[in-house]
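Visitor: Single-letter residue listing:
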Amino acid sequence: MTSSRWPIPFLIGMPCAMPAAAEVSAAQVQELEARIAQLEASAAAAPSAGTAASRLKVDGFMTAGFGYANADRYEYDSGLRETVSHKADSVIGLQVEGRVNNKTSAVTQLVARGADDFLIDTQWAYISHRASDSSEFRIGRMLAPHYLMSEYREVGYAYPWVQPPAELYISAGSNSFDGVAYLYSLDVGQWRHDMYVNWGGADASEGFVEASDAVNLGLVSSIGSWQFAAKLSSSDVRVTNPLFDALATQGLIPRIDDRLTYTVVGIQYDNGKLLFMGEGSRIEMEGAMPDTDAAYATVGYRFGKFMPHLTWASSRIRDSGDRPDQLAFSTQDDLFGNPSGAPDLCPLNDPNPDASLCLARVPYDPTRVPPALAALIPAGTQTLGVAYPADFLARILERAQDSVTLGMRYDVMNNMAVKFDWTRVIDTHGTFGLLTPADGNFFVDPATGQAQAFPGDEFDVLRVAVDVVF
Amino acid sequence: MKAIISSLFVCSLLFAPMLACAGIAVIAGPSLPVAALTADQVGQVFLGRLKTLPDGSAISAVEQQEGSATREEFLDRVLGKNQQQLRSYWTRMVFTGKGQPPRTVGDDAEVIRAVLATPGTIGYVDSGAVTARVKVLYRVD
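Residue numbers (the working numbering), protein chains in the order written: chain A, 1 to 470; chain B, 471 to 611.
Treat the hints with care, as some may be off.
Dumping the calculated DMTMM-like pairs for lysine to aspartate or glutamate here, alpha-carbon to alpha-carbon at most 25 Å [to be verified]:
id : chain 1 : residue 1 : chain 2 : residue 2
1  : B       : K521      : A       : E97
2  : B       : K568      : A       : D121
3  : B       : K551      : A       : D59
4  : B       : K521      : A       : D133
5  : A       : K103      : B       : E533
6  : B       : K521      : A       : D460
7  : B       : K568      : A       : D319
8  : B       : K568      : B       : D611
9  : A       : K103      : B       : D510
10 : A       : K57       : A       : D72
11 : A       : K273      : B       : D546
12 : A       : K57       : B       : E536
13 : B       : K605      : B       : E580
14 : A       : K305      : B       : D510
15 : B       : K521      : B       : E533
16 : B       : K521      : B       : E542
17 : B       : K605      : B       : D510
18 : A       : K305      : B       : D577
19 : A       : K273      : B       : E542
20 : A       : K305      : B       : E543
21 : A       : K273      : B       : E543
22 : A       : K273      : B       : E580
23 : B       : K521      : A       : D194
24 : A       : K305      : B       : E580
25 : A       : K57       : B       : E543
26 : A       : K87       : A       : D365
27 : B       : K568      : A       : D72
28 : A       : K57       : B       : D546
29 : B       : K551      : A       : D187
Worth flagging that the hints you see were computed from the coordinates, not collected in a lab. Please read these numbers as outputs of a predicted model, since none were measured by experiment.
Only chain A is shown next, with the shape it has when bound in the complex (with noise of 0.2 Å):
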């Protein structure tokens, strides 16, 4: 130790054990410090009352993303073929809260997604009032929260993967409901636990569905690392699109009205370095619709800015043995007239095997179809064909799937990611899984007349994107 090295740690040292030296010199500097940080303490607390930061937040996320799927001539999830897509995962959301009392505010948030061309859509917009710390109330527009992360499925920046597990959170757009809410949070000993209990409905204003009655219930409780959840959503669904409800006033198809369950379980650890979740969901619906169980677990692990992650997923099909396969669906092309040589209408469960495309006339009625498939109907259109292949429900709705994802999320600065993913579909079990035929026919192909195949084959999906949140 040289007495050289002495002053600069010393000096440093100074505030750890403040030396009993000058004691006279420090009781003055305390006193002259503590007239200067009453001077401050005024200044700044005068301008902090009232302004429009203070009554106004401004919050932002958006995520830009670049996704390829080699899947043949189908598209994957919200869009992705094999030429690289600049925008169907991107998407960008803006969120202003604006304070109306020290407990009521106003929050909305709205959603612009590359997939839907950046149209705005108003996914969040309600009153909150706590009435407490631990006590809230909200009425409005709400997104309904059926799994862990629905409330923000869209918060790139909130999980490891560029989407989600796909298997749960399909991307569906928008899942808002419209009605009112109670959250309540109670702390015991080390355990948190959240509650809520929303009841709503959504409207068919844009979609062929239409849910009321929606009745959504769950319990979110942490500890240290862990979290457990379980949440229990349940609506009645109903298909409100004019033609479908044409066809089931003429008995051609049944109503779907139904009860519509989600079941979901979920876990989560996360001490900093070590990341693991996972969650369960079965899904439930009365009638004639198909009820799905799905699951994942994603594993990680913190290196510093860079985590590293796998994901396995799988969705499975449980009842489609015991529901009655009788619906039928307008084709756009059936819409243009009748096939030479199809039977003017065929038995709803036709016991032939092979009938996989059996064809109907209905009556059209211009007034009963929404105007923008009206606008391709021509002129003077007295009916319609309809065909119904009798595996409609398993070609449209039932989606099986199993994919292997292998992650890397690296944080650039401390609000922004840069992620990428790969995701092997392993097998889509006789589905499209979570494929749609590239011209949107789930069951003509156009190009060779014959039902539309299955994907068979297993496909790799790259994904490439940068979070950021303001």
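Following the hints, complete the assembly by docking chain B onto the known chain A.
Guide: Relative to the frame of chain A, chain B by itself:
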């Protein structure tokens, strides 16, 4: 005396880059109507779960900026989270409307200024930076 000086020296040498040899103190201005908080309560305030004291007055936190050694020690020893976990937590909270992260200020001196400026605010500083003007609610050594 020699022992004290050499222990000071070791302390300085080991921790000089972090300026954090004396532990963490959670502090507030003198007007805060509680004398002490438990580690759980401190965590709840910093995670936005506890916003009201038993007497009905408001309590909130100020954070130190990322990269501060005091912050890292506080996250590790009091919140039990690392920076990435905490950012992920706040991302989820913000975009589900459940809360906003604490205001961020620069360093120990700014935290002291902030807790004095706004009654009902708590912050954390290196224990060595504690002054007589603030009160210590919780301490880890």
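Visitor: Confirm or reject each hint.
Guide: A quick look at each hint next to the structure:
With a CA separation close to 18 Å, the supplied pair B:K521 and A:E97 stays within the 25 Å bound. With a C-alpha separation of about 21 Å, the suggested pairing of B:K568 with A:D121 holds against the 25 Å cut-off. For the hint pairing B:K551 with A:D59, the CA-to-CA distance comes to about 23 Å; that is within 25 Å, so the pair holds. A threshold of 25 Å between alpha carbons decides the hint, and for B:K521 with A:D133 the separation of about 6 Å falls inside it, so the pair holds.
Taking the CA atoms of A:K103 and B:E533, the gap is near 23 Å; set against the 25 Å cutoff, the hint holds. With a C-alpha separation of about 48 Å, the suggested pair B:K521 and A:D460 falls outside the 25 Å cut-off, and the hint is violated. Straight-line distance between C-alpha atoms of B:K568 and A:D319 comes to about 38 Å, which puts the hinted pair past the 25 Å bound. A C-alpha spacing of about 33 Å is found between B:K568 and B:D611, which places the hinted pair above 25 Å, so the restraint is violated.
For the hint pairing A:K103 with B:D510, the CA-to-CA distance comes to about 24 Å; that is within 25 Å, so the pair holds. Between A:K57 and A:D72, the direct Cα distance comes to roughly 46 Å. Violation of the 25 Å bound is thereby established for this hinted pair. Annotation: proposed proximity of A:K273 to B:D546 holds, straight-line Cα distance about 12 Å (limit 25 Å). Proximity of A:K57 to B:E536 is assessed by CA-CA distance (about 21 Å); at most 25 Å being required, the pair is judged to hold.
Only pairs whose Cα atoms come within 25 Å are accepted, and B:K605 paired with B:E580 is accepted, the gap being roughly 15 Å. The straight-line distance between the Cα atoms of A:K305 and B:D510 is roughly 28 Å, outside the 25 Å bound, and the hint therefore fails. Between B:K521 and B:E533 the CA atoms are separated by roughly 15 Å; this keeps the pair inside 25 Å, and the hint holds. In summary, the hint linking B:K521 to B:E542 is supported, as the alpha carbons are separated by about 23 Å, within the 25 Å threshold.
At most 25 Å may separate the alpha-carbon atoms for a hinted pair to count; B:K605 and B:D510 meet this at roughly 18 Å. Between A:K305 and B:D577 the CA atoms are separated by roughly 24 Å; this keeps the pair inside 25 Å, and the hint holds. Our distance criterion of 25 Å between C-alpha atoms is met by A:K273 and B:E542, whose separation comes to about 15 Å. Between the alpha carbons of A:K305 and B:E543 the distance comes to roughly 18 Å, so the proposed pair stays at or under 25 Å and holds.
Among the hinted pairs, A:K273 with B:E543 is consistent with the structure: their alpha-carbon atoms are about 16 Å apart, no more than 25 Å. Taken as a hint, the A:K273 and B:E580 pair is broken in the structure, with Cα atoms around 31 Å apart against an allowance of 25 Å. For the given pair, B:K521 sits about 16 Å from A:D194 by alpha-carbon distance, which is consistent with the 25 Å threshold. Annotation: proposed proximity of A:K305 to B:E580 is violated, straight-line Cα distance about 28 Å (limit 25 Å).
Of the pairs offered as hints, the one joining A:K57 and B:E543 is violated, with about 29 Å between alpha carbons and a cut-off of 25 Å exceeded. This hinted pair does not check out: A:K87 and A:D365 have alpha carbons roughly 38 Å apart, beyond 25 Å. Between the alpha carbons of B:K568 and A:D72 the distance comes to roughly 43 Å, so the proposed pair goes past 25 Å and is violated. Between A:K57 and B:D546, the direct Cα distance comes to roughly 29 Å. Violation of the 25 Å bound is thereby established for this hinted pair.
With a CA separation close to 19 Å, the supplied pair B:K551 and A:D187 stays within the 25 Å bound.
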